[in-house]
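Colleague: Read off the chains here:
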Amino acid sequence: MLREMRLVALKDLRIETRVRVGITQILPFALAVLVLFAFALDTDQQALRTYAPGLFWVTVLLAALLAIGRSFAVDLADGITDRLLLSGIEPQAAFFGKAAAIAIQLVVLEVLLGFGVVLLFDVTVYRYGLLVSAGLVAALGLAAAGTLYGALVAGLGVRESLLPLLVLPVTAPVLIGATRAFQDAFGVAGAQGWAWLGLLVGFAAIYGVFGALSYGILLEEA
Amino acid sequence: MSLTTVLSRQNATQDTQSISSSATKALGWAALVGFAILVVLAFAWVPADTRITDQGDVVGQFDAVRLMFVHVPSAILAYTGFGITFLASLGYLRWRTDWWDIMAASAAEIGVIFGVLTLVTGSIWGRPTWQTWWEWGDVRLVTTLVMVLVFIGYLAVRRIPANAAVKARRSVVIALVGAANIVIVNRSVDWWENRTLHQQSTLLARKIRDETLFTLTFAFVVGATLFGWLLLHRFRVGYLERQITEQEVQKAIAERQAESAAHDTGSLTQASNPTGQIQPQSKTSP
Numbered sequence: 001m002l003r004e005m006r007l008v009a010l011k012d013l014r015i016e017t018r019v020r021v022g023i024t025q026i027l028p029f030a031l032a033v034l035v036l037f038a039f040a041l042d043t044d045q046q047a048l049r050t051y052a053p054g055l056f057w058v059t060v061l062l063a064a065l066l067a068i069g070r071s072f073a074v075d076l077a078d079g080i081t082d083r084l085l086l087s088g089i090e091p092q093a094a095f096f097g098k099a100a101a102i103a104i105q106l107v108v109l110e111v112l113l114g115f116g117v118v119l120l121f122d123v124t125v126y127r128y129g130l131l132v133s134a135g136l137v138a139a140l141g142l143a144a145a146g147t148l149y150g151a152l153v154a155g156l157g158v159r160e161s162l163l164p165l166l167v168l169p170v171t172a173p174v175l176i177g178a179t180r181a182f183q184d185a186f187g188v189a190g191a192q193g194w195a196w197l198g199l200l201v202g203f204a205a206i207y208g209v210f211g212a213l214s215y216g217i218l219l220e221e222a
Numbered sequence: 001m002s003l004t005t006v007l008s009r010q011n012a013t014q015d016t017q018s019i020s021s022s023a024t025k026a027l028g029w030a031a032l033v034g035f036a037i038l039v040v041l042a043f044a045w046v047p048a049d050t051r052i053t054d055q056g057d058v059v060g061q062f063d064a065v066r067l068m069f070v071h072v073p074s075a076i077l078a079y080t081g082f083g084i085t086f087l088a089s090l091g092y093l094r095w096r097t098d099w100w101d102i103m104a105a106s107a108a109e110i111g112v113i114f115g116v117l118t119l120v121t122g123s124i125w126g127r128p129t130w131q132t133w134w135e136w137g138d139v140r141l142v143t144t145l146v147m148v149l150v151f152i153g154y155l156a157v158r159r160i161p162a163n164a165a166v167k168a169r170r171s172v173v174i175a176l177v178g179a180a181n182i183v184i185v186n187r188s189v190d191w192w193e194n195r196t197l198h199q200q201s202t203l204l205a206r207k208i209r210d211e212t213l214f215t216l217t218f219a220f221v222v223g224a225t226l227f228g229w230l231l232l233h234r235f236r237v238g239y240l241e242r243q244i245t246e247q248e249v250q251k252a253i254a255e256r257q258a259e260s261a262a263h264d265t266g267s268l269t270q271a272s273n274p275t276g277q278i279q280p281q282s283k284t285s286p
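These protein sequence lines are chains U and D, in that order.
Our numbering applies: residue 1 is where the first sequence begins, and numbers increase by one.
Our numbering applies: residue 1 is where the second sequence begins, and numbers increase by one.
No lab work stands behind these hints: they were computed from the structure.
Here the structure is a predicted model, which is why all the values come from computation and not from measurement.
It is possible that some hints are incorrect.
To be verified - A partial selection of chain U residues facing chain D, derived with a Cβ cut-off under 10 Å: (1) Gly155; (2) Ser161; (3) Leu165; (4) Leu166; (5) Val167; (6) Pro169; (7) Val170; (8) Ile176; (9) Tyr207; (10) Leu213; (11) Ser214; (12) Ile217.
All residues carry an ideal CB built from backbone N, CA and C; glycine is no exception.
All chains should be modelled from the sequences, with the hints used to inform the complete structure.
Modeller: Right, dumping it as structure tokens:
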């Protein structure tokens, strides 16, 4: 199963490295959102510093929607889902492989966007361990939920509007937990960062299990 | 009386547009009368919630406590609706029949109605009690909102013009994930006790007045009656929708078959007249 998972993940990452939509479109989009937040919140550097964790995660969430939607659009257009089924790959392996590829893309996005937040919003990191842990676990949770719902709306013809409607509410715990953890890491609020990390772990575990269990049903009819 | 019997009787009387039976009419009236009694009990019988502290200060929820008679049953019934959706979704996974699918969809709609009612009444109650319309730090509040939004998404999937079986299977996945949210909602007070404004259960701790307890219990009964009435009617509407869709499909198939038969007849006529000349119509005497 691990080998199949690796194959699926590498397939998605290879497509991404060849077309570079993430770097040329999704990352610039995310940076544009950060700039817009600065415009919306005035030039007050203190306000931007205070709200930087939340703004960062809202931006990641919006960019993640694009990445998830695009990943499934490629699969659908090229009939990759059918080929995966015909090749006999385990649905669980396909789910974890796709989620891993999306998580890796999100981590890269978070790193680059993190530099943007540090430069544009003038934040200082006090707890690197918490920052890295929360970033990784939140990416895993977002990827698991995104992969599940991406497969769910694939082929329904209303992906653009339905995916955000389904994904945004369920990822609210990630947004809350990751924002609180980052607030602690940035030293902008007295949130119990490690406790909120527990919420992120629980979220990733729940969606990992549900996604693995239901991916086969969703793939069959996509 | 089975649903099939009810529907066949309604079909027999074309002028009857109602989806109710005598039993559901009785249920509807019981809910209506019960609600009227509840209003009287809540506003005329139950005293305002006040307590005097050791320092002599008067504290409590005052008249806002009366909202509890709508808020608490609504919350329980929203959970019930989503719980039924969860169980019916499991039933659909096991038996793959329309009955389970329609039940899941019906319960979700009613769950969303009661969920929204919970949030609205909770917000109105929170203003005088917590001095805020909304408290973002309260995990139960936020997860309840998330739960309602998840099931609004569930209903959106239900509205997609797609194959019924495809929608049913995808809805099952959303419902099962939504059920995980219900667990989080229920346990959140214990998990994040020091971060919630919600009080612990006053029912179990017996910190509630007798009049309030009686009225709250009565409110549960009224709410459950209303819930049952809504669920039965929504289920019947869903069943009739399926029947209509099925009839339309059968009608469309019959039309295509008729067209195909007419086309075949035309081809045969043309084959018997290879010159392609139009034959004069023969005059027939009346």
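Colleague: Let me make sure I understand: some of the numbered hints might not hold for this structure. Which ones are they, in numerical order?
Modeller: Of the numbered hints given earlier, the structure breaks none, since each of them holds.
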